[in-house]
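Chemist: Chains as they are written, first to last, in the working numbering: chain A, 937 to 1288; chain B, 81 to 364; chain C, 4 to 273.
In short, the hints are calculated from the structure, not lab data.
Honestly, I wouldn't trust all of these hints.
[Stated by the list, open to error] Within a straight-line C-alpha distance of at most 20 Å, the following computed EDC-like cross-link-like pairs (lysine to aspartate or glutamate) qualify: (1) A:Lys965 - A:Asp1140; (2) A:Lys1115 - A:Asp1054; (3) B:Lys85 - C:Glu97; (4) C:Lys101 - B:Asp83; (5) A:Lys965 - A:Glu1141; (6) A:Lys1115 - A:Glu1141.
[Unchecked claim] Computed list of chain A residues with no C-beta within reach of chain B, every gap over 10 Å: (7) Ser976; (8) Ala1015; (9) Asn1021; (10) His1027; (11) Phe1036; (12) Gly1037; (13) Ala1050; (14) Ser1073; (15) Arg1162; (16) Gly1173; (17) Glu1250.
Every residue gets a Cβ at the ideal spot worked out from N, C-alpha and C, and that includes glycine.
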Amino acid sequence: MTDLTLTNLTKQYPGAAQPALHDLTLAAKSGSMIALLGPSGCGKTTAMKLIAGLIEPTSGEVLFDGRSVLHDPPETRGAVMVFQNPLLFPHLDVAANVGFGLRMRGVARAEIDARVADMLAMVQLSSLGSRRPAALSGGQQQRVALARALIVRPRLLLLDEPLSNLDAHLRIEMRDLIKSLQRETGVTTLFVTHDQAEAAIIADEIALILDGRLAQFGPAQSLFQRPSSLAVARFFGLRNVVSGDLSGGRFTSPLGALRCGTATGDGPSVMALRPDAIVIGAGHENTLSATLSSRVYMGTRTQLWLQVGAVQLEAFVPPDQASHLEIGASLQIHVPSAAIWLLPPGEGHIHD
Amino acid sequence: MPDRKTVLMLAPAVIVLGGLCLGGLLVAGLRSLDVQIMTGTGTLSLDAYWSVLGQPEFLQSLGFSLYVALTATFLSTLVAVWAALLLRQRFGGRGLLAFIFQLTLTLPHLIGAIGILYLLSQSGLVARLAYGVGMIDRPSEFPALVYDRFGIGIIVQYVWKEVPFITVILLAQMQTLGEDFESVARSLGASRWQSFRHVLLPMIMPGVLAASVLVFAFTFGVYEVPLILGPNTPATLPVLAYRKFTDVDLAARAEAMALAVIIAVISAVLVALYLWAARRDRWT
Amino acid sequence: MTRAGRRFRRVAVGALALWSLLPLIPLGIWSVAHGWRFPDILPANLTGSSWVFALSDASGVLGSFAVTAAIAGATTVAALIIGLPAARALGMHEFRGKLLVQTLILIPVIVPGIAFALGLHGVFLTLGLTNSVLGVVLVHLVPALPYMILILAGVFAAHDTDFEDQARSLGASRAQTFWHVTLPAIMPGVVVACLFTFLISWSQFLLTLMIGGGRVVTMPMLLFGFATSGRNDLTGAIALIYILPGLVILLATSRFLSGRPAALAAPGHA
């Protein structure tokens, strides 16, 4: 299949103050599924269109298997996009929509018919070939769009928020279908989404894009647990950020001195603490005294706001551990040293 | 039945348009059959129709009107589709061209007709330029582009006037569609031409058809443009009808009415075509 | 896009722009020409005398301008009063027979003026409406009213009545809701519909000729008279005066129109 490499890819639209995409460098191994994650307007869709050849980059390279494709028009690149809106051609029936790409390539009628039938079976829509797109449900339309893309055996499949127009239960169904079809066909796939859970579930690796720049690239777990910057931590909703000073494996801050497991260089640092890392009760290290200022039951977990000195910390704990706690009560908590993640300082505090 | 309130809201408009437009057509119809509605006299006869249909000038006029309107509609549609594709792109000067098109739309036909006359007549601006580059030596050598039996001046005026009209309609339609359909087609392997031919064109076709029908109806029925730019014979049907209406021979009046009815019937066919085209504008 | 493509586009845009302005060029030159004979490409001498004459009482232009504006104004007001309720019904309600009403409204758009005006002339003659301004206003309503209704129906169709329900639920009376919520929402559309209805009446030739009978001298009647009398210089000046309101209206509404260019399709087409 196809290795995708992006080098220093930049797109500046005429008249725009900021580049839509800034210096994106990324490598997707053949057969992998990469999520492009980021808030809306961060440049994800621009990156897709650059790869598909629908727009031209201001600078940088797009390589398929090490070969630049920048001079290939979209129709010969073999990078097929599926948009958020299914965009089925309204004047063609379902089968003609699915067979569209083959027809454009001048494939023989009989072969088109056979491959369309196979493809419709794969997306479980065999009986709907003669329907008009308007007669399909949203989920069916999106499956047709997927079939229409896969039938041309693309080198690269580019999915631009394909789930976000669907209802909750259809999203899960469609997500699983995409994942299984991707495994089956082995097509290198880029999946644009603004939903971190969706990205984590569907993708092998996540490329987080913030303000047109690649903020972090790696497996989901590393982004969640080891954010490379405060901006990344903030994107994942982390609010426990405390400035302090690192010296000899101890982090000194308004919370007091905490032992940390993976500390590197000494000097001013910022601690990012995941809310689910905080444990109620004293521990053998990093025990703190706190006052409970708010408690919200959230179903599978309970959110606590804890006042520790001048600092507010957010904690997620199992509901049964928090049910007996009263607002205003004093309690002891502890933070395992392995859960403390230190970042270089510079972007200030995020006390909420 | 609509409720009372809706009926009351619609009544004034229906009465005015029905009374004046359909009423005018009805009176013309009756008078073409030699029924005098005001005096209640007359016979019921088709003489005026037989008379009109028997005149070679009628068939000439009908053919000329259809030819001019068809040619102008075809050329305008062709240029307008291309202009709309052009104006859809983002580039400097696009706003200016859009404004100029809007300006042309607001100009009365009369202005365009006189302007084209001063442009294309044998002593007009184009003839002077032709003299300037040595193509002609005197005005009479310049080809007859107005008052000519090919209706070139009329057609030029219609294309001038209708290209912006169709362009504006198609542009609005293309903006509603967006560019994503074509992006999908391109990424599925369609060339630029294929994505136009197999995706955009079928999708805008209902709009193209509807606009063309309207343009055909307009160009078929305009009076002042062929009056100023057209030949004496063949005259277009509206010019012929008005000429018969003002003829000193009162028998020609009934023939004028018959022509009015014939023009209306041809237009009615167009209304039906338009409704058919507009109804197709739904992909169900 | 390639360099050659961009160059082609520039040429194409220039050609279309020039083509669209072409008929205005000889009119403009003639209006300031002093003896512009074949084969001069440009007049040897320029003069403002055509404009001076056109704007003097002797030419009748200013009087005709006023008559045309009065007729167009009256047509617009009448079309608004008649068209507003109909447009609201068509834009916001579904009812049986809607297609029939829509078709009736489309008929004057498509059927040429000559077809109904010939019959109408006899009726107006009997009623004493020929050769009168009132008669001309009435006959102008036929092409003007459909466009007023079509534009306003579009405005009403796009109007979200939830805003009115919201206002009522916040304590506004029916009258207050209309005044503070409905009216501001539809006002831009109403203004544009009125301006373009005005232009439709302003552009009428044949209907004025037939019903006005040469007695009601609107601008197009006057302009046609000068054009057929061979006074190209005066024709040029009067033509430019004649198109002035259209230009002003276009400039005034261009911001609104950028969103809905189809509204423009109206004038000059009826």
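Chemist: Compare the structure with each hint and give your call.
Modeler: These are the hints, each one checked on the structure:
1. A:Lys965 - A:Asp1140: holds (10 Å)
2. A:Lys1115 - A:Asp1054: With Cα atoms ~18 Å apart, Lys1115 (chain A) and Asp1054 (chain A) stay inside 20 Å; holds.
3. B:Lys85 - C:Glu97: Given pair Lys85 (chain B), Glu97 (chain C) holds - Cα atoms ~13 Å apart, limit 20 Å.
4. C:Lys101 - B:Asp83: The given pair, whose Cα atoms are some 12 Å apart, holds under the 20 Å limit.
5. A:Lys965 - A:Glu1141: Holds: Lys965 (chain A) and Glu1141 (chain A) sit about 10 Å apart, inside 20 Å.
6. A:Lys1115 - A:Glu1141: holds (13 Å)
7. Ser976: At roughly 16 Å from the nearest Cβ of chain B, Ser976 (chain A) sits farther out than 10 Å, so the non-interface label holds.
8. Ala1015: Per Cβ check, Ala1015 (chain A) is inside 10 Å of chain B; nearest 6 Å; violated.
9. Asn1021: violated (7 Å)
10. His1027: violated (4 Å)
11. Phe1036: violated (6 Å)
12. Gly1037: violated (4 Å)
13. Ala1050: Holds, since 18 Å exceeds 10 Å.
14. Ser1073: holds (15 Å)
15. Arg1162: holds (35 Å)
16. Gly1173: Holds, since 31 Å exceeds 10 Å.
17. Glu1250: Per Cβ check, Glu1250 (chain A) is outside 10 Å of chain B; nearest 40 Å; holds.
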